[in-house]
Amino acid sequence: MSSWRSLCYLKAITVPRFLPALLSVLAAACGSTHAPAVPVSEHQSSVPSPSGQLAKTSKSVDLLTIDQARHLLNRATFGPHTSDIQTLQKVPFSAWLDEQLSPPLDEDDERLRLALEPYKNSTLSPSQLIAHYQKTGPEPLAPPRLIRTKKSTVNYRQLLLDMQMHQLTRQLLSKYQLREVMTDFWANHFNVYARKSDVKLVVNSYINQAIRPRALGRFDRLLIATAKHPAMLIYLDNATSVKEQKTKTGRRGPNENYARELLELHTLSVHGGYDQSDVKEAARAFTGWGVESLPRSEFTYIFRPQVHDNGTKVVLNRAYKQRGEEEGLDLLRALARHPKTAQHLAYKLCQRFVADEAPPSCVDDVTKSYLKNEGEMTEVLRTLFSHPTFWKDSTRSGKFKTPLQFAISAARAVNGAPDGGTNFARQLAELGQDPYMQAIPTGYSDLATAWNNSAGLLSRFRFSALFSAQSDVGIVFDFPPAIAQEGDPVLLVRKLGAQLLSQGTSEQTLSAITAEVASLNGQAEQRRLALSLLLSSPEFQQR
Amino acid sequence: MTNPCLSRRVFLQSLCGAAVSSVSPILSASAPSAQDPVLVQLFLKGGMDSLSALVPYEEGTYFDQRPTTAIKMRGSLLKKQRLDERFALHPGLSALKPLYKKNHLAFVVAAGLPQVQRSHFDAQDICESGGGSQIQRSGWMARALSSSPAQQFDAFSIGGSASRSLAEHESALVVPGLDHFSLPGSDSERRHFETGLLGMYKAREPSSGQTALRLNADLEKIRQNYRGPQHGAKYGSGSLKGDLRTLAELIRETPSLKMATVSLGGWDTHRAQGSTDGPLAKRFAQLGKNLAAFVRDLGPERKRVVVVVMTEFGRTVRENGTQGTDHGYGSMMMIYGESVRGGMIHGAWPGLRLRDLTDGRDLPVTTDYRRVLEELRVGHLGLPPNESPFDFGELAPPGTGGLLQAKSSPPLDT
Numbered sequence: 060m061s062s063w064r065s066l067c068y069l070k071a072i073t074v075p076r077f078l079p080a081l082l083s084v085l086a087a088a089c090g091s092t093h094a095p096a097v098p099v100s101e102h103q104s105s106v107p108s109p110s111g112q113l114a115k116t117s118k119s120v121d122l123l124t125i126d127q128a129r130h131l132l133n134r135a136t137f138g139p140h141t142s143d144i145q146t147l148q149k150v151p152f153s154a155w156l157d158e159q160l161s162p163p164l165d166e167d168d169e170r171l172r173l174a175l176e177p178y179k180n181s182t183l184s185p186s187q188l189i190a191h192y193q194k195t196g197p198e199p200l201a202p203p204r205l206i207r208t209k210k211s212t213v214n215y216r217q218l219l220l221d222m223q224m225h226q227l228t229r230q231l232l233s234k235y236q237l238r239e240v241m242t243d244f245w246a247n248h249f250n251v252y253a254r255k256s257d258v259k260l261v262v263n264s265y266i267n268q269a270i271r272p273r274a275l276g277r278f279d280r281l282l283i284a285t286a287k288h289p290a291m292l293i294y295l296d297n298a299t300s301v302k303e304q305k306t307k308t309g310r311r312g313p314n315e316n317y318a319r320e321l322l323e324l325h326t327l328s329v330h331g332g333y334d335q336s337d338v339k340e341a342a343r344a345f346t347g348w349g350v351e352s353l354p355r356s357e358f359t360y361i362f363r364p365q366v367h368d369n370g371t372k373v374v375l376n377r378a379y380k381q382r383g384e385e386e387g388l389d390l391l392r393a394l395a396r397h398p399k400t401a402q403h404l405a406y407k408l409c410q411r412f413v414a415d416e417a418p419p420s421c422v423d424d425v426t427k428s429y430l431k432n433e434g435e436m437t438e439v440l441r442t443l444f445s446h447p448t449f450w451k452d453s454t455r456s457g458k459f460k461t462p463l464q465f466a467i468s469a470a471r472a473v474n475g476a477p478d479g480g481t482n483f484a485r486q487l488a489e490l491g492q493d494p495y496m497q498a499i500p501t502g503y504s505d506l507a508t509a510w511n512n513s514a515g516l517l518s519r520f521r522f523s524a525l526f527s528a529q530s531d532v533g534i535v536f537d538f539p540p541a542i543a544q545e546g547d548p549v550l551l552v553r554k555l556g557a558q559l560l561s562q563g564t565s566e567q568t569l570s571a572i573t574a575e576v577a578s579l580n581g582q583a584e585q586r587r588l589a590l591s592l593l594l595s596s597p598e599f600q601q602r
Numbered sequence: 067m068t069n070p071c072l073s074r075r076v077f078l079q080s081l082c083g084a085a086v087s088s089v090s091p092i093l094s095a096s097a098p099s100a101q102d103p104v105l106v107q108l109f110l111k112g113g114m115d116s117l118s119a120l121v122p123y124e125e126g127t128y129f130d131q132r133p134t135t136a137i138k139m140r141g142s143l144l145k146k147q148r149l150d151e152r153f154a155l156h157p158g159l160s161a162l163k164p165l166y167k168k169n170h171l172a173f174v175v176a177a178g179l180p181q182v183q184r185s186h187f188d189a190q191d192i193c194e195s196g197g198g199s200q201i202q203r204s205g206w207m208a209r210a211l212s213s214s215p216a217q218q219f220d221a222f223s224i225g226g227s228a229s230r231s232l233a234e235h236e237s238a239l240v241v242p243g244l245d246h247f248s249l250p251g252s253d254s255e256r257r258h259f260e261t262g263l264l265g266m267y268k269a270r271e272p273s274s275g276q277t278a279l280r281l282n283a284d285l286e287k288i289r290q291n292y293r294g295p296q297h298g299a300k301y302g303s304g305s306l307k308g309d310l311r312t313l314a315e316l317i318r319e320t321p322s323l324k325m326a327t328v329s330l331g332g333w334d335t336h337r338a339q340g341s342t343d344g345p346l347a348k349r350f351a352q353l354g355k356n357l358a359a360f361v362r363d364l365g366p367e368r369k370r371v372v373v374v375v376m377t378e379f380g381r382t383v384r385e386n387g388t389q390g391t392d393h394g395y396g397s398m399m400m401i402y403g404e405s406v407r408g409g410m411i412h413g414a415w416p417g418l419r420l421r422d423l424t425d426g427r428d429l430p431v432t433t434d435y436r437r438v439l440e441e442l443r444v445g446h447l448g449l450p451p452n453e454s455p456f457d458f459g460e461l462a463p464p465g466t467g468g469l470l471q472a473k474s475s476p477p478l479d480t
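Sequence order for the protein chains is A and B.
Counting in the numbering used here, the first sequence runs from 60 upward without gaps.
Counting in the numbering used here, the second sequence runs from 67 upward without gaps.
Only chain B is shown next, with the shape it has when bound in the complex:
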């Protein structure tokens, strides 16, 4: 294997192939190392019901307020799903329990926006743009990445549409999944089309055309060489399956990748959300199985990766008249990674006593979601502490600190 063109790293082949021989390499030829950290943001759109995900099984209020939707944690179910003396994991998420036991998975309770925002789209856009109460022009990831020189293949939106978190990041690439990415048509049609494109754009403006063709060639090679999930990973169902499979392969093949976003919708459970079974339980199972499979699929690459799972807001403590829950406030965040201080639950738990609830109905926020992202940005990605993409106003609740193991996580001054 002395010839680099025969390397396992398929992108090298495109650099050796005749079609793109005239262009300089986009990707580093070196294999990725732990020095190439990746942050994955998995956004649950619609307002995930954190009180079903992380069941506060010791609180009577929880069961009083949710006659049909509470997860009845007792006996063997509790024994199986128990995380600590306060919380137990929804049975749909049981695939994640081993990661928690290995201390690679942590939760941050009562996390969310520093100000109440009950509109999905405003709340999502504020979160993804990294704002407190206002939508910011660019995405938080775009601002975070701007502290190092722009690089091709450093940021992906997986799943067909551009993530708001990467808005205004020039090299952000939308990857609709390995099955969909390539140019359409038969192999022969595509070859003629690509050769024509190369001829037209060779040494021409806009130079973005040439870059696009290099990206296309690299991604096409990745696609063609894709051998399916690795290390015996078995994905679950739903759109997350394809998105995370794609992302695992891209992480393996693109050492330059720093940030990626994936999203999963369907959390807006206003009616008949169910409890241990039902629509919400199915959604949790999709999340749990696919995330666990993703971790397995990554194999040794998982050392480089931290995944943060978040949502725009939690849901009302009290269930509504249609066996569902309405838009609330505080929710939770979930963080996976080998460098994470896992196996524990971070953040201050405000409790569910009615007089302590926000507007008498919602779980309050004790951890500003931005504090978590900021800690991962600095501690995991190693980006400069003084170039924060977040503007913490006076209103922002403090963060948790200590989400990452000491060596990689400087104490966060709040």
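So here's chain A without its partners, still in its complex pose:
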């Protein structure tokens, strides 16, 4: 129990920006003779000691070195700020991870709440969105003949920008960063295209209500929540999928779009051993899973038994019949349990968190963890973050940031916040990753091959220059006093460099920046140039 004693010892330390909830967990643990609800010590054995990477302090607490802390924060969050690194030098890694893996449903944080305020209208219900986001202007409303004509009076552009800013603000300021990172991971895994049809009215609820609360939970629950959400039902056309039938205007039948992506992208993977017949049969199982739209309902999931195909369907050699809505649910649960699904998800997680070339040993261990823990993501992520491949020296800085990770990590590095406008979302579009606007169901790629190109780099240089001048980027920040008052250009670059980059930053980068900064006169100009070059540096493109 020596580690427990050292955790209790933490109570006496002042921990800046540290999470009150963790302190209460610690307080409870220290005051109790029973084993704590979260068995920290058990996980400590699996903490990254296998390759001896972790610093063993005199108190034998699993504290991380500065570069280890930066590595963890680069992968498990949207990017480190100096105070996050300081926190991890005082709080054991396992305790930090426990805290990140058990966030409260509603995050109560004053800074986040205030920052979200300007975008709160984007979280209204569909009918309220239509009422609120009306185009203003002298034009009288058209005679209410066609629904389409009526809809064209809605300012969808503003609605979508506010929606994007709502999500970007959470990614930027939430203390529960791992949940935001996983929400982003799943939002791409279960991609929807915000511009398609009425998805624009439900995409915020899709992220906020279907994905985020389940981002760290059991995979089958998340899978079912996405399958039933109007955003997915509309995006992949299941809302119009009905049993084979003749109508007055012709024939109608099942739509295979959702079933195909469910098998190929959401669960088994393209090499998952299913065939076209499985796709067709799965589509029949989901006939009748639809959406009740306005004006009858606020875009809610509805099962319509009258258009559900009650015949027998065989998917992956298992029969589904006569169970109505339950057939689809049974199929989703079976798919979530399938070893190919475990392997597919493990591969994608290892790609996201470890390396584009996912290490086979990591994929194997994460697959096993998934199957053993019935897809419980908290356990799967513990396996991932304690895996030797995650902590290898060669893993560090080996991932190329996506535009989203680049932009948010820049803002987090300087402790910036949105200015209440929507320029930050527009910048993401300029950088090539307009949030929730990927039309194809694969979502945005997390791999260097998708983003490491000349046009992408040039747009980042441009972003860095605008960001540093606090011009048109929509992020406000102040330099800390130690940097704002630094008159020596060499020290300025060293200090700001230490805030943004790891200790291993190359001499080439630092001297190239210092040379240019030193040739400028004003201190404000020097700070601006130093920041824009640091954000543009080869090192800052990596995480």
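Honestly, the hints are just simulated from the structure, not real lab data.
Worth double-checking, as some hints may not be accurate.
As the list claims (entries may be wrong) - Listed next, the in silico EDC-like pairs over lysine to aspartate or glutamate satisfying Cα-Cα at most 16 Å (straight line):
(1) A:K431 - A:D279
(2) A:K307 - B:D425
(3) B:K111 - B:E124
(4) B:K268 - A:E566
(5) A:K339 - A:E303
(6) B:K369 - B:E404
(7) A:K149 - A:D126
(8) B:K324 - B:D102
(9) B:K268 - A:E598
Go by the hints and put chain B onto chain A.
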């Protein structure tokens, strides 16, 4: 002018300048020739009403179905705008009439997707990705360009956002217009920033950083040396003005350019679209004036260029209750180029009899838009016929063939 650094071709200066002397040239030093063909895709987003652009003035149905929005083609207007015995050009597009008379402009009627798709974004994405009924992962231009080795400066999306047509083409560059492209800040700030960037990226990974800086240097030189439209070209208004001005200059200065995309929105005319005047007529005027100015601006370079104008779908034959038209199906394509078999209207015209309309409401499609793009890809760009970026399924209607003059256009086997 023996010193190459004093050449008119401004990109050479960047190769001679101190800042980038350590890097190899991106651009060929030779002047572009007719052997460096360029294909420009001008996408009209929102579903352009082809029945207003190309008025079927002999069809009674057209006037019956469109009491307020039909273009009343008679008398002097008809005489001025008449293209042939069936069609007349919207007066807003009259700037294009001389190109048609010179046989450099052709139209393909009833062109569109092989399957009905009435969602803007799906239809646009299918078109730009070169699909039939499904959105493809990469853009059609990206797949077309993959048959030759990747080259810097071979593809541009003009206008601020990456075109879906170039998705997954690694060297595709988004150019938001010459006025916006450069790095921000004063000249001095920019110089320090660029020198710092060069120092950081010199001989370093990712090598895309160095390439980006070379592109930046070249584009910056192009920008600084830009002398405005050439050959007396007078552009019209709207976003197309800046985009096409930029593109004309880039075509002059970048012999490696093969494909470029430009788009113009605002065609979704559900209400009060007007007829000879009104919002749609204004949009046509922007298109017509700017496209005609672009052709003029290109000067001798126009020999290298073919422009294809397309949209995601046409609009309903019948006007709706709000003096507009709704999402339809068949539309038209417009092709400009000196190698085009212009001065004529290609494609089979299905007519507007109600019983012949798709779903009883829309102009059918008789030419798969991909057949047109494929013919230009092979005939104009000279890319290998057996490496088509399109997967023509059984459903695809045949193409027209013969869009280009015989020497450059092998017959298309449909």
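| said: Are any of the numbered hints broken by this structure? If so, which, sorted upward? | reply: Those not satisfied come down to hint 3.
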